[in-house]
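Visitor: Sequence:
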Amino acid sequence: MNTSDQNNTSPNRDLSGLKVLIVDDSKTILRTAEALLSEYDCWVTTASDGFEALPIIAAFKPDIIFVDIMMPRLDGYQTCALIKANRNYRDIPVIMLSSRDGLFDLARGRLAGSDKYLTKPFTRQDLLAAIQSHVTKGAVADSTPERQAETTAQGKGA
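One rule links them: number in my numbering = place in the sequence shown (from 1) + 323.
Just so you know, not all the hints are guaranteed correct.
Cβ-Cβ distance ranges computed for the label pairs, FRET-style [said to hold, decoys possible]: (1) Ser422 with Glu357: 15 to 25 Å; (2) Arg410 with Thr351: 32 to 42 Å; (3) Gln448 with Phe374: 26 to 36 Å; (4) Ala430 with Asp364: 27 to 37 Å; (5) Phe427 with Ser361: 26 to 36 Å; (6) Arg410 with Gln448: 32 to 42 Å.
Taking lysine-lysine pairs in the DSS-like style, the calculated list, with each CA pair at most 27 Å apart, reads [unchecked claim]: (7) Lys384 with Lys350; (8) Lys407 with Lys350; (9) Lys443 with Lys350; (10) Lys384 with Lys407; (11) Lys443 with Lys384; (12) Lys407 with Lys439; (13) Lys443 with Lys407; (14) Lys384 with Lys439.
To be clear, the hints were calculated from the coordinates, so they are not data collected in a lab.
Note that this is a predicted model, so its numbers are computed, not measured.
Think of the CB as a built atom: it goes at the ideal place given N, C-alpha and C, for glycine as much as any other residue.
With these hints in hand, go ahead and build the complete structure from the sequences.
Guide: Okay, structure coming up:
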């Protein structure tokens with residue numbers, strides 16, 4: 324890696340260990356986002372629709388979720404609303420993904436409980452900025468295996 328690459332990535336090194344769920348029916352979007360985030364040592368899991376995403380959320384416990392609005396079976400608005408209605412997951416930031424950027428779509432995303440709306444196609448910087456504006460360093464630290472083990476041990480001792 325050359326020096327300019329290190330300078331471009333250094334502000335984002337604090338994303339290491341961040342657990343990201345990407346829900347989209349486009350394999351291209353899933354692969355692209357997964358490749359970008361893996362460069363920053365994020366743990367990335369993907370789902371192709373909302374029905375597939377819900378059990379993954381329970382098992383993976385992501386720090387942030389990206390959800391496409393237009394998907395088969397359970398769309399992004401419905402998926403977001405279900406996440407935000409669950410007291411165990413409502414604090415997880417949900418970023419809506421869409422090729423639509425109209426006022427109606429933005430408002431509908433907000434009504435569903437989304438934290439941000441990202442228009443496709445998005446750039447690497449758009450993706451990273453969305454993550455950094457919604458995930459605290461403490462949340463990233465809490466997602467590391469060491470922190471999870473510590474939390475589990477504390478829970479058993481109580």
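Visitor: Checking each numbered hint in turn, tell me which of them this model violates, lowest number first.
Guide: The structure breaks none of the hints.
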